[in-house]
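With chain A fixed as given, assemble chain B onto it according to the hints.
Each protein sequence line maps, in turn, to chains A and B. The numbering of the first sequence is this note's numbering, which starts it at 87 and goes up by one. The numbering of the second sequence is this note's numbering, which starts it at 87 and goes up by one.
Please note: incorrect hints may appear among the correct ones.
Just so you know, same-sequence chains aren't split out, so a pair can sit in one copy or run between any two.
What the hints assert, rightly or not - Simulated pairs of lysine-lysine, BS3-like, Cα-Cα distance not exceeding 27 Å:
| hint | residue 1 | residue 2 |
| --- | --- | --- |
| 1 | Lys239 | Lys472 |
| 2 | Lys239 | Lys213 |
| 3 | Lys401 | Lys88 |
Just so you know, the hints here were simulated from the structure itself, not pulled from any lab data.
2 protein chains.
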Amino acid sequence: MKYYSEMTIEELKEEEEALMISYEACQAKELRLNMARGKPSSVQLDISNDMLGAVTKRNGYHSEDGLDCRNYGGTFGIPEAQRTLASIMECNPEHVIVYGNSSLNLMFDLISYAYTHGLNGNTPWGKLPEVKFLCPVPGYDRHFAVTEHFGIKMINIPMDENGPDMDMVEQYVNNDPTVKGMWCVPKFENPEGICYSDEVIRRMAGLRRAADDFRIYYDNAYAVHYLYEDDQPKILNLIDACVEAGHPDIYFEFCSTSKITYAGGGISGMTASENNLSEVRNLMSVSTIGYDKVNMLRNARYLKEGAAIPEVMMKHAAILRPKFELVVNMLEEEIGPRGIGSWVSPKGGYFVSFHAMKGCAKEIVRLAKEAGVVLTPAGAPFPYGKDPDDSVIRIAPSLPPMGELKDAMEIFMICVKLASVRKLQEELA
Amino acid sequence: MKYYSEMTIEELKEEEEALMISYEACQAKELRLNMARGKPSSVQLDISNDMLGAVTKRNGYHSEDGLDCRNYGGTFGIPEAQRTLASIMECNPEHVIVYGNSSLNLMFDLISYAYTHGLNGNTPWGKLPEVKFLCPVPGYDRHFAVTEHFGIKMINIPMDENGPDMDMVEQYVNNDPTVKGMWCVPKFENPEGICYSDEVIRRMAGLRRAADDFRIYYDNAYAVHYLYEDDQPKILNLIDACVEAGHPDIYFEFCSTSKITYAGGGISGMTASENNLSEVRNLMSVSTIGYDKVNMLRNARYLKEGAAIPEVMMKHAAILRPKFELVVNMLEEEIGPRGIGSWVSPKGGYFVSFHAMKGCAKEIVRLAKEAGVVLTPAGAPFPYGKDPDDSVIRIAPSLPPMGELKDAMEIFMICVKLASVRKLQEELA
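Bound conformation, chain A alone (with noise of 0.2 Å):
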């Protein structure tokens, strides 16, 4: 097998034409795949269906300090449910709030707060003429749209397998009054799956922040979902080098349970300092009679107050990790020889990131659709959806079956192939 760019132009021409042959093929089979969503599986949900039996007339109503978890009160959560998240964060249990089923929720309304009153005393955002945020890339959609949706100016960081250009956050952070926020996914990033190094998270925690009220908005969503028993990355926890660093109030983190148990009702919360955390409790103190404490106290108890997640992510990573091998090796297989991508094997996470040939993405995305397969849109995972090289796509394997997935992966890397030869006549042309 031969790099496509090492090929003349009449071998592109000849391989397009195998390839159409290919891909006519599969598109006369008329499939209906997905790997667009980060969803886990129904048998990855069938895992937790003991939880909807953890709270009963036998095993009580009442959370440890006596409040009937049914009833009202209690509005920042209940202690068993701050223990569970706090083993995930891996913090002090009285500094978690837990919140509904979804931490974007939580980020959302954080960040709605800071535009509409200010953090810890610091002008609105809203009274701003320009607020800006930094964006690791590529990263995570939703919460791009949530700064968008706020106007605020996102920055595109480049990131390698440590994580964020640190060079480039600090420039930004430290001179920068405007920058206001930072997004990141720590470990198993969406979608690149890389785990920021110890010198990354140092360097965060140490940012001499222009303006006060800069945060970094830490979105532990992976924290615990290893592929392997056998090789956990750890990554330094941010809470202590942020205090070492004299900065404790620099980070909001954020986590939940949505891919341990239940992805529809599963419980979300925070840890910060008792000073973002004073701050937080004030607005919930107005927005909400209170988040659903059943179900905290539902999660709580399935999940052992946290010692029983390390053997529920056991349970995801055995149905988890055929599908990101499958992925994996297809790609090496097929891509990897060829010269057309590239990509990191995850140890944990969600996602393939897939980095096509600068210009492809768009197009490798549209061929595989016009065959039935649906990917996640190029462009989400940066900010307004514009990815300035046209080349990652990200890659969801958690959904379908693996025959399904299979089936996807075959004609996504038909579309690879296809696109590719294309571009690289065009530029030879």
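Same frame as chain A, but now just chain B:
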């Protein structure tokens, strides 16, 4: 027995001395009683314990549209839950958006959205020099806390047994473009327990608002919360009235199952015109991955999509009715003949609103507290916590068991009498 107002200063003095003996005897008991909060009692919560088994492996996790409720998806709610809430609001289920467990949170989010983005293309309230809300008083303190949070100027609107003073409402809404909203609890109003008359609702629907983004925030929190099987007041359907008046966009209506199933584990939602709902959907597409659908399914199945609600509510009534009757009977026996207060005997809802002699409410609440009975702070049912007459005290009889409620009411009445004799002596002096 004599009206206190007809007593001489000597008689009042004598009465005060007798009351002080009773009061000190109460203090000596060192009771800890609470009539402050509209929380259901644990026996009421027990009514719905079967709900916990409504979603299990055996009866399935899917909504009727095929969605696995355990997973992501279905951001705006599942059809079963839409029908459940539609049965409460008497509206088209397709015009229902289902939210989390807190309808207050939904109201907060809408007002926050109006503040940051503006409703239906109107100027965001945060960019206006002044925004006003009309607040029928006494009303729900947490409504007022939301508008106060956003710096919205609140205007007291007096109420009588038919609802808010509509002459005053029309005067404001039809002429003042800075009036952007009006809080309403139309049925068994918190805390008066009154129901808006058909004429009031029709006049609300007919408001020729000066501001295009004026909305009635219609919190139908007690829509089905009757105390009597054979005496269930109906109110005019606002939605139909608004359509008839040619003002389909003038309202947002809210409800929840918080006081039907679990106060801490129900579901909430809203109905509005398609024009308004599309705005809410835009917001929710950014602000959340969607609310807990497992809990939607649980509530909807248990309540048989609304069909079981009358039966469930009569179970609540059987528990609540004797408490309300106790409160009203005691007031009638002890306070009525002395002419030192008034109240409405409600046919539903969660509160009895006691109107003390002017200038006595704070003192009554203080006296009660020092005798071991916690009441809702005087002033709480008014914007900014300021009751202009210092007269209204909200009595919440739902939480304490009958014995405790009786003890608390006895103390309460001693405090009412004591504050009143002192006030009258001051006036005579």
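Where does the structure disagree with the numbered hints, that is, which hint numbers, in rising order? Hint 3 is the one this structure does not satisfy, whereas the remaining hints hold.
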